[in-house]
Amino acid sequence: MPHDLTIALRVNGRKTEATFPARTTLADLLRDRLGLTGTHLGCEQGVCGACTVFVDDLPVRACLTLAAACEGAEVVTVEALEGPDVEALRADFSREGALQCGFCTPGMLITACDLVRRREPLAREEIQEAMAGNICRCTGYNGIVRAIEKTVDARICAEGP
Amino acid sequence: MNAAGSNPARRNGIGARTPRREDARHLSGRGRFVADMKLPGLREVAFVRSQVPHGRIRGITVPADAEPGSVWTGTDLAPIAEPLTATSTLEGFRAAPLPHLAVEKVRYVGEPIAMVIASARAEAEDLAARIIVDIEPLPAAVDFTGALAQDAPLVHDDWPDNVYATTSGDIGDVDAVAHDAAVTVTREYTMNRQAVVPLETRGVMAQHDQTSGQLVVHSSTQTPHMIRDMIAILLGVEARQVRVIAPDMGGGFGTKCSVYPEEIALAAVAMRLPYPIRWVEDRWEAMVSSTQARDHHYRITAHAAADGTLLGVEADILVNAGAYSVHPWTATMDATMSAAMIPGPYRLSNYRFRTRSVATNKTPLGPYRGVARPGACLAIERTLDELAHALGIEPNEMRIRNMVRPEDMPYTSVAKKVYDSGDYPEAVRRVSALIGHDAWRKQQQDVSDGARHRIGIGYGSFTEQTAHGCIEWASRGLAITIGTEGARLEMDSSGGLTLSVGIKSHGQGAETTLAQVVSEVFDVDPALVTVVHGDTALTPRGDGTFASRSMVMAGGATYGAAQQLAGKVLRIGGVLLGEDPKKLRFKDGAVVGRTGSVTYRELAKEFLFTPDHVPGVEAGLEVSFYYRPDTQTGAFTYASHAAVVSVDLDTGAVSLLDYAVVEDCGTVVNPLIVDGQITGGIAQGIGTALLEELVYDPDGQPKSTSFLDYLLPGATEVPMIKIGHMQTPSPHTVFGVKGAGEGGAIAPPAAIANAVTDALRAFGAEANETPMTPVRIWTALQDAQASPVRGAAMTGTDR
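The listed protein sequences correspond, in order, to chains A and B. For the first sequence, the numbering used here gives the first residue as 1, with consecutive numbering after it. For the second sequence, the numbering used here gives the first residue as 1, with consecutive numbering after it.
One chain only, chain B, in its complex shape (with noise of 0.2 Å):
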């Protein structure tokens, strides 16, 4: 199936750097978010959400004066809509049935207690208001050491301790390696807990409407066929009777891909209401409801042999999951992705790990562009580092001996996973000329000693499974085994062409790349097909867009339709010119022959208007086509990035001199798009590495829930990044393309970490927690002056 290169000619194709179809709407203010949407007669939900991180309910008072059917608790939900609760295969995994609306506890700062409704959002807050809630309070569990203390206080009071699940594995002889080894390191690190922020915040609006029978709920979700499904199955009615619509979204990035108890709470009250209702999350919502990121401690030990040959490593991983587990992913997501990458990019033999993901009085961790993988790239990526520089080897030339190298490829990891293709290698040379490495390295040196400042070069490399099917996601204990796309491909009467997909695009500009692919079988215009997708009544069934699927997936499921149309168009094209179809082929917008041609427009209404001048032709001018990729072991992206930062001695604040990345995503569709992609993820990923922190104070109350507080990166903390690309085809996937849009996110915090490091080596410090504000970094170097053995390592004071 890989067609990579089989149209050369195709100007708007596979590889064209084609503007932005969702550009024009967006650029006059003429998308429609949910937010925007009107509906006659709509009314606003404003929630009640608990102000405590851990309390038992002892009762809640409504004003005498609210109009009945105006609020709603978790007792009036509990006979109409069935509690979320998120399954797992894997073994010892304890569920925590996610309630709508909490019933007898409230767990978390945030939790949705009671569902308001007036004529406006503001006057459904003012009613909100004046609903008492009492309740009791409970020592809450917060960071891992209190969570996992003997005498810890229970989340969940039916279990035994705070742990969702503890998984483990002992591969190869770490002990028999560890005794062999020249050099062994153990560092611990922190990468803090995270809000995703899309800056449109979630939003359902839900209408029961009377003439079709049919509820139809809009929400901002990366995966409307999912939430169908799990509104249908909560409700106790059939998906047939379900209409999920998600219209253009401010970003995603993970939050918007897992089932809310908001949708669901929306979705049971609407199917009682001759009115439609609309909740739109406001920021501090956002910031305490949404699903949050990362939280995740490790330690690690490592062995390597003089000439830099890693020989084993240990890896003990801990992650808060907060309160609940989300549907589908469930709270170990995270550690049992975390353990399977930390091995990286490298030729290991040796793993012993083990991971346990801990529940606590915080927000529900959900997925966040990355999914583990920037803490365990920042793992791994560290400590790699203090190997090299004990043997007095470079950064990167430690990673290029110790790389998985073409030749090795495929290569089955010592995590079981299987890395498809590429030269890991070359992606750190190349980047390393990019960034200017030497001439860095110089201008590190010629620092003098007296200065305030120092400058670090720092490297992380990483390799990311994307696209995966689904025997990937059974083996991480999902109950949803996601792997299938579906596109619908449609010629009408007018010749136009129309493709629906069950993903979401919601700014990766899906509208566009696909419309790419169909150009690149029919050679139109990608401006010229229309694009549908984001509502499950036009659309076939998909699972939606996260895990840097959708160009894999719904391109493959676009291609496989194309080439089926393609192939009866061609058939009718045969007919109408009178000569063999496999002769025909398409350009500009025609089916040409060697005598003659006929235009799609000409073709479309003979074969649909009058299908007697076409016979032999089968009815039907349209295809669908479901796509799961023969392996489904996942396409490998992966990349190596450099930072260079200067490091203010007196401060601790960091900035970014340079950024470089070399990147091989297989076949690039669209250049616009991919560096865009990648941008906006070393973006992200800065965040991770210098600014964004949810601050949790030690009772359990998040305590930088603004943006005043909760720092994003602005204009002035992205540097021009440096892109260089490498394209080596997944031989997995319909044109080789790989997964593009989580890469960018996962690497920046590691390679900034050992840049800072690099720059504090002089002094023994070291940044081993994110992010790597001015203080932290400054009571690093304090405290690596204070005891100058080995430096202090800055870690954090969870365990």
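The following block holds chain A by itself, in its conformation from the complex (with noise of 0.2 Å):
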């Protein structure tokens, strides 16, 4: 039988110490122990994007993370994303049809905050690149470039130069 690990962590600002199988992978973890089933699991392989959450700040798949590599680490899923970036985010995807059946949605975000919070003026090709590694199966991602290219420049002029 698989033997048992114990870490702390934080997740979602919370000190959090959790016990699993040593295989277990973040992706289950947040998902199975912690209730946190915002962050949706599509392929298992590391390459649709959708369990995209922060690491220690950097944008990860949770489903190629073993929990047991996350021992003191600070983990933001998309149910704790707050602030204004967010807010505009989830404002423009919302008017420019960056979601149909919402699976990608929560790896979308994570990925699009990492780009927003650069506060660096991206060019429509620059955004494709980014945004990649996550795949959308529903919406073409016309509405998901036009969304970040939105955000993007209203966060800048926001702050102003």
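One thing to keep in mind: the hints can contain errors.
Stated by the list, open to error - Listed below are the simulated BS3-like cross-link pairs for lysine-lysine, each with C-alpha atoms no more than 30 Å apart in a straight line:
{"no.": "1", "chain 1": "A", "residue 1": "15", "chain 2": "B", "residue 2": "38"}
{"no.": "2", "chain 1": "B", "residue 1": "722", "chain 2": "A", "residue 2": "150"}
{"no.": "3", "chain 1": "B", "residue 1": "416", "chain 2": "B", "residue 2": "442"}
{"no.": "4", "chain 1": "B", "residue 1": "568", "chain 2": "B", "residue 2": "587"}
Rather than coming from a laboratory, the hints here were simulated on the basis of the structure.
Each of the two chains sits in its own frame; use the hints to bring them together as a complex.
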């Protein structure tokens, strides 16, 4: 039988101690043990990006990250995304038709947040490149790209030169 | 019933760009999918699946330490669940009963053999890995040549060959026009096999509720009522004992609208367990055990007059339907649709066709967005371009000359489909302008001979039957003739409106668009209308969401219910206001009369709490309405797509420089949602055209079963799509709405293949097989240069 491990980490700002079989992924830890089912599993092969979460401020694939590797880590999932960047993204996603079934949306939002917070003007092609690691099967990406473009521009403008 | 424009003042009704009500929960991670559910005592299921394409099961050995009741085989399941047998009324159709767990033989890689239950999925997989399945491998029938050979291995031992059914037709006199034709071309086309790939895989959770005695099945399905019926039938219980719930779904696109072995197996076993069980498909399983799509081969001969008039078409259509017929569509669904759609949007009087639906040791074929039309469109549209090229006519002009004209409507096609409305040639004119045809032609000519790339422009046009009724499904041999949708609308004691419908919205935004229909009648904010769907216990009966039918059918039912409830609300308002109900109207959530008004909240409270205040109005503040269009031949959505490509002559790589579509789905209910359907459909069509292929090796092993080798379009593969709308209301539907779900996916393979061929004209190479991968295009170029006479068509190796 697989043996259990115990680690301490912070998930969505809360100190958490978790005990799980050593082979458990971060995605399964979040979904099955912590009830954070906003992190979706689309392929479990690290390709589709639906499971993307922030670990120590970097977007990572929760399906390819072993929970055991997260000792002391700061994990943020879609449920805890907050602040003006993400509020703007949510509004623009809705306005521009950047989601349909909603399954890829949590991973899209995390990756998009990472782009927006850089405060770098981005050409449309650069946004397409940056989002190429997140698969959406419904929208054809046009709405996603437009939404991120708008948010990036608006957030840069909002803070002035 | 056509009420388009009846309420021009409605801000949130038909035609409004209403924000989607579904968005908020998904944007905050609060969606609830099958895999997200928690039930006390829930155990997880893994399946043991066939690793061989074809073989005889000699034995299944379960580890001695497996808990009793943790492993179920076909032998265990046989007495408690009948196999699923999709039947058809087509002459000569051979049924292929689909076992829920294989017995005696396995017929494709991925076929379920045993079901394993444990406390967690990983543990279920551990146990599954220790089950030994002894299979004697048999030669497999894989491609058309192999499956149709005289000595082909038989997928079903008691059949004389591997053909589910053959259909044919000969309308007009093709031979006579062939004799007179100025030009005749013959081409072969292959549209290879695809996976459908909703991002959420399938999932089923089943629980026998010990209190109510009811079996409750959660499933990621587009057709909850149909699943309920089939569970009841196959388990031998009454439908009232079964409740099926489809919660949030991460897409479906057709692959979640057949009845699956896993649904029946979990339901049957859950009936005998004191705890709930759940199976969530993993991606490998999804690639091999969810129904697959396309896999067509065409041989088309077409004849035209010197002025481009299309005189006659001959089509020989092969569909590789896989190992079993899925319920209710059957293995002939693609072939019958394809034969009917080859004539396309054109005036054609002479047409001969034959279809053969072939059984092979591949995963069963099922519906996928567009159902056979992408293949039919590729075949006829590529052929039309070859005729136009031979005659020196521009491809857009060739289409305009041959298309059914507005004055021909309604037009009965040579395949007996009744095209209802629209201006097909105008869509071509508009899309030519939208893409900038002349400017691209100039850019194309400006590419120097020495350059290592070429530019091409291509068109793809189609007309698509949507929301068809019973007679259309019957004509294709289905045992279940779909065509009715129910809606129930209730005003509660606080004046709120709850709509319940039998369809299952799974990304289409029907919680928004159906609320808009209610808003159109009642003038309420759609955000204040609750739309319930996907639960057989809470919704009136309906067939489900597929075939671009939900907006037309559930929209029609919703409008019917809303109209009836509105009549009653006005009568109540008449009593309360002391005015003639005929002179009252709805405005901003209230009944408004000449002298005063009463809000829905006040009205409902009066009527439901103190009915004695409202004499003369019968009890009840809810209406159920079942919609079945009077004309069942369908509302035909049509479109013309235009693609501009650049082809790299050294690598064969195709890149999309521009893409435009002009479409007519009748009255647009919500432009945000319709544009989303079009763009999303086109992205999937780009996948079909350029990227996606389920490769099977000659022995029948699927080789592209992960996202690492099955390429999906990403953000860099889909250009910004230019969309133009025409809005010709269908005369047959409420509001004149036509289906909008599938059209986007139909024409991209045709438009892109025509563009690639256009780019390579000087070399005589043609793009006649999808996906147009770099290696296929490069090979076509090399072959063309090796045999420069007519140029080498890029065709498949099958036949």
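How the hints compare with the structure:
1. A:15 <-> B:38: 23 Å, holds
2. B:722 <-> A:150: 19 Å, holds
3. B:416 <-> B:442: 41 Å, violated
4. B:568 <-> B:587: 16 Å, holds
The structure fails hint 3 only (numbered hints given earlier).
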